[in-house]
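Number of protein chains: 2
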Amino acid sequence: MTFVKLYKTGQKQEKAMPDIAIVGSVALDSVKTPFGERNDVLGGAATYASFAASFFAKPGIIAVVGEDFPEAHLELLRKRGIDLRGLEKEGRTFRWQGSYEYDMNEAKTLKTELNSFENFNPKVPEEYKKAGYVFLANINPELQMKVLEQIKKPKLAMLDTMNLWISTKKQKLLEAIKKVDLLLLNDSEARQLFETPNLVKAAMQALKLGPKHVIIKKGEHGALYFTEQNHFSAPSYPLETIKDPTGCGDSFAGALIGYLAKTNDNSEKNIRKAIIYGSTIASFNAEDFSLERMKRLNMEEIEKRYSEFERIREF
Amino acid sequence: MTFVKLYKTGQKQEKAMPDIAIVGSVALDSVKTPFGERNDVLGGAATYASFAASFFAKPGIIAVVGEDFPEAHLELLRKRGIDLRGLEKEGRTFRWQGSYEYDMNEAKTLKTELNSFENFNPKVPEEYKKAGYVFLANINPELQMKVLEQIKKPKLAMLDTMNLWISTKKQKLLEAIKKVDLLLLNDSEARQLFETPNLVKAAMQALKLGPKHVIIKKGEHGALYFTEQNHFSAPSYPLETIKDPTGCGDSFAGALIGYLAKTNDNSEKNIRKAIIYGSTIASFNAEDFSLERMKRLNMEEIEKRYSEFERIREF
Chain A
1 MTFVKLYKTG QKQEKAMPDI AIVGSVALDS VKTPFGERND VLGGAATYAS
51 FAASFFAKPG IIAVVGEDFP EAHLELLRKR GIDLRGLEKE GRTFRWQGSY
101 EYDMNEAKTL KTELNSFENF NPKVPEEYKK AGYVFLANIN PELQMKVLEQ
151 IKKPKLAMLD TMNLWISTKK QKLLEAIKKV DLLLLNDSEA RQLFETPNLV
201 KAAMQALKLG PKHVIIKKGE HGALYFTEQN HFSAPSYPLE TIKDPTGCGD
251 SFAGALIGYL AKTNDNSEKN IRKAIIYGST IASFNAEDFS LERMKRLNME
301 EIEKRYSEFE RIREF
Chain B
1 MTFVKLYKTG QKQEKAMPDI AIVGSVALDS VKTPFGERND VLGGAATYAS
51 FAASFFAKPG IIAVVGEDFP EAHLELLRKR GIDLRGLEKE GRTFRWQGSY
101 EYDMNEAKTL KTELNSFENF NPKVPEEYKK AGYVFLANIN PELQMKVLEQ
151 IKKPKLAMLD TMNLWISTKK QKLLEAIKKV DLLLLNDSEA RQLFETPNLV
201 KAAMQALKLG PKHVIIKKGE HGALYFTEQN HFSAPSYPLE TIKDPTGCGD
251 SFAGALIGYL AKTNDNSEKN IRKAIIYGST IASFNAEDFS LERMKRLNME
301 EIEKRYSEFE RIREF
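Chains A and B are the protein sequences, given in the same order.
Take 1 as the starting number for the first sequence in the numbering used here and just add one per residue.
Take 1 as the starting number for the second sequence in the numbering used here and just add one per residue.
Please note: incorrect hints may appear among the correct ones.
Unchecked claim - Restricting the straight-line Cα-Cα distance to at most 27 Å, the calculated cross-link-like pairs of lysine-lysine (DSS-like) are:
no.	chain 1	residue 1	chain 2	residue 2
1	A	108	B	304
2	B	295	B	273
3	A	111	A	79
4	B	201	A	218
5	A	108	B	201
6	A	212	B	304
7	B	295	B	89
8	A	218	B	218
Claimed, not checked - Take a look, some chain B residues computed to stay more than 10 Å from chain A by CB distance:
no.	residue
9	98
10	111
11	269
12	312
13	313
What the hints assert, rightly or not - Per label pair, the in silico range of CB-to-CB distance:
no.	chain 1	residue 1	chain 2	residue 2	range
14	A	72	B	32	34 to 42 Å
15	B	303	A	209	31 to 39 Å
16	A	72	B	110	58 to 66 Å
17	A	205	B	310	20 to 28 Å
18	B	155	A	240	46 to 54 Å
Because the hints were derived from the structure by calculation, they are not lab data.
The beta-carbon is built from N, C-alpha and C at its ideal position, and this holds for glycine as well.
Throw the hints in and build the complete structure from the sequences for me.
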C-alpha cells in the first residue's frame, strides 16, 4: 500500500492543514441516464463532496483508490487545492455502475465493485487531525467512527449514510449518529431508519439520538432542516434539464460543510445559508455528467444562483 | 329537481352577490386512514373549497346534492356565509369511498357513486354571474366550460382537474385550460397531462396553452408556482400527525382564491401570499377528518401559522 503523492514534482510544497476532513469513496462510475452514458468517469462521495467544498474552504480526502486510477483525476483534485495526503493507492479502484429512469428520481445500482475499498482501514494523516470540520460521507459506519475517533475535537462533525448500512449495520450506524453534530439523510433513508413515513417524526427521533441538527434531502423537492426548536424548508432549483443526478447529495453536503468551514459559524441561521449553498452547487452538478459542470463552475455563477434561491421563496 | 333553500324560514334574506363562484362536487365521503375511519361524512371539492374560501370572502356553490343530504351540513355551510343558490337537490348524493396507506401520500379510491352528479347540468344563478372570481374545481371539463361561459368577465378563473379527465377527456380539458387564468394541478397530474416527468417543463407547456399562472401542488412537498418569468416554491407545513388528507388540495385552492377575492389583487406577488394562505388552511385541514378542523378554525390561528411559514423559509 502506498499513499498518493500530494504534489507533483516541482510543485510548491504547501503545508496548510485542511479545514475539512472528508472520508468516503473515490470511484470510477459508469452511468446511464436518458441523456447519455459515460463509462469509468470520476465519481465517489468523497470526490463530489470535496470538489464542492473546495469552492469555499480546503478539504482533505481520506479514501483509497487503485493503481488504475487516472493521474489526470488526481491532478484535477490537486489543482482545486484538495489535500490528498489521506488518499491511499492499492489494488483496483472502487467502481459503481448505475442507471436512471426517465423520472431521474433514484439511481438504480446495476453493479458495485468494492475492490480496494474492501479492506480499507482509514488512517487519518497527522495534518488532518486538527481539522475543524469532518464529513463522514456514505461508507461503512464502523469506518466512519474510526475516522471520527482520530480527529481531535472538531467544531462540527456531519454524517451521511445509505440504505445498505441501515439494513446491514443499523446498531453501528445508530452509535455513529450519536457521536455527530449534524445528521444528513435522504427522505427514504430517514423513513427506513426511524420506521415512520412522517419526516417530521423521523427528524424528531434523530434529534433525540444526539445530533443538534438534522437535514433531510428530498432531491427535486429540496431539503428540510430540523433543530429541536425550529424547522427550515429549502426549495430546490427549478431545472428544466437534469442530465445526471449522480453526486448531487454529496455535492450538497460538501458545499454545505465547505460554507460552514469558511464562515466558521455553526449557528442555525448560518446552517440555513449553508443549505442554500449546498442546494446551489447540487443544482449545477445535475446539469452534466460526472464532475463536468463543477469543473467549469465559478463563484460568480454560484452567487447568482444563490440569489435566485432568495427570489424563489419570497412571498 | 329543486334548489336548496338559501335561508331557513325566518332568517334575514341577504341579497349579496358571492365574490367567488365555485363549481364542483358536494359529497358524502367514507374515508379510512391509519388514524381512524369515518362513514358518510361531509366532503366534496366544492365543499372543502368554499369552506376554506369563506375565511376570506363570500363563495357561492354550483353543485347538486341528493334528497338524502343532511340538513345539518347545509346549515353549516349557510352559517359560514356560503351562498347556496346554485346548489340543486335531486336523487341521491354523490358518494366517494377511499383509503390512505401508511404514507398518506395518495388516496386509493375504493368506490365512486356519481348518483345525482351523473346528469348534472350546472345552471349558474343570476346572482353569481357577476362574480369576480371563479373556481372550476375538479369535475368533467365540459361542465367546467359550461359554467365559465355563464360568468360575465371574471377577474380570475382558476381550474383544477384530476387523472380521470386527463385519461378520458383530454381534448376538452385542454380547451378548458386555454380559457382560464390560473391552472392548478397536482404533480402526478402535471406529469400525466404534459407527458414529462419534469415539472418545470410541464409548467412551461401549461403556460403556452394560455393560463398566465400555473400552480403545481406537491402534497407534503409544498407547491410550485410558475409564470413565464418567475418561479415560486412554497414550503409545506411540518405536521407530525396527519389524520386525513382528504380535501387538502381543495382547501388549498379555496383559501387561495378566497384570499385573492378578498384583496382583489391578482399580481404575482399577491398570488404568492395567497398560496401560503392556501398551504396554511390545507395544513389545518389534514389535522382531522372531514371538515372537522376547519369548523373549529379561527383567523388568529390562521395568521399565526401563516407567520410560521415565513420563518420556515427564512435564510
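Hint by hint, here is what the structure shows:
no.	hint	in the structure
1	A:108 - B:304	43 Å, violated
2	B:295 - B:273	23 Å, holds
3	A:111 - A:79	31 Å, violated
4	B:201 - A:218	20 Å, holds
5	A:108 - B:201	24 Å, holds
6	A:212 - B:304	26 Å, holds
7	B:295 - B:89	24 Å, holds
8	A:218 - B:218	12 Å, holds
9	98	18 Å, holds
10	111	25 Å, holds
11	269	8 Å, violated
12	312	5 Å, violated
13	313	4 Å, violated
14	A:72 - B:32: 34 to 42 Å	59 Å, violated
15	B:303 - A:209: 31 to 39 Å	35 Å, holds
16	A:72 - B:110: 58 to 66 Å	59 Å, holds
17	A:205 - B:310: 20 to 28 Å	27 Å, holds
18	B:155 - A:240: 46 to 54 Å	31 Å, violated
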